[in-house]
Amino acid sequence: MLLNPRLMLCIRIKVGAVLENMLLNLQLMLYIRVKVGTVLEDMLFNLQLMFSIRDKVGAVLEDMQLNLQLMLYIRIKVGTVLEDMQLHLRLMLYIRGKVGAVLEDMQLNLQLMLYIRVKVGTVLGDMQLNLRLMLYKGQSRRSAGGHAAQPPADVVYKGQSRGSVGDMLLNLRLMLYISV
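With the working numbering applied, the sequence shown corresponds to residues 1 to 180, in that order.
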């Protein structure tokens, strides 16, 4: 049976086209297979990376938990320190109030001492004047008649001294008398 050459040619062309399409499809399948393999490898790598990240995140979370516990501990300690500081501040304010009162008392005592010193100085000056006058009167009684006895150089006239050695000796005697 003779086939129509045109028909055979047409069949041959069609079969060639089909074979070419099959070959192309095969290449496409291989390409897809390679791509899918690459994707699967990437997925596997990503999965391993996710497990690694999960481990790292777990470690980070544990560190965060530890840090949180440490922060709570520090907060408690800092709170205690702040309470101690507040207590010390109150104590310092109390001491400051007491020291202020003591300083006021000391100032008052100092003013009183200065007042007493002025008064004692006045009394000592009066005693010194009286003692000099007494010594002068004693000298004038002892002197014999021809001429009147001169008052000693250390007798005070109207609050002024002539600044003699006798004045120093008199002051020294008076100080010894007061200290005894």
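Each hint should be verified, as a subset may be incorrect.
FRET-style restraints, in silico, Cβ to Cβ [to be verified]: (1) Q69 - R33: 52 to 60 Å; (2) V118 - L89: 36 to 44 Å; (3) R33 - I11: 27 to 35 Å; (4) K137 - D105: 40 to 48 Å; (5) G79 - V118: 38 to 46 Å; (6) G16 - D55: 54 to 62 Å; (7) L129 - L93: 51 to 59 Å; (8) D105 - M64: 54 to 62 Å; (9) G16 - V39: 32 to 40 Å; (10) L114 - Q139: 33 to 41 Å; (11) L66 - D105: 51 to 59 Å; (12) L44 - M22: 25 to 33 Å; (13) V39 - G79: 52 to 60 Å; (14) M22 - F45: 51 to 59 Å.
Using 25 Å as the maximum straight-line C-alpha spacing, the simulated SDA-like pairs for lysine to any residue come out as follows [unchecked claim]: (15) K119 - N109; (16) K56 - R33; (17) K56 - L44; (18) K98 - L112; (19) K35 - E20; (20) K35 - N21; (21) K98 - E83; (22) K77 - G58; (23) K77 - R90; (24) K98 - Q86; (25) K137 - L170; (26) K137 - D126; (27) K35 - M22; (28) K35 - N25; (29) K119 - Q107.
In case anyone wonders, no lab produced these hints; they're calculated from the structure.
All of these numbers come straight from a predicted model, not from anything done at the bench.
All residues carry an ideal CB built from backbone N, CA and C; glycine is no exception.
Quiz item: For which of the previously enumerated hints does the structure constitute a violation, in increasing order of number?
Solution: 5, 14, 16 and 22
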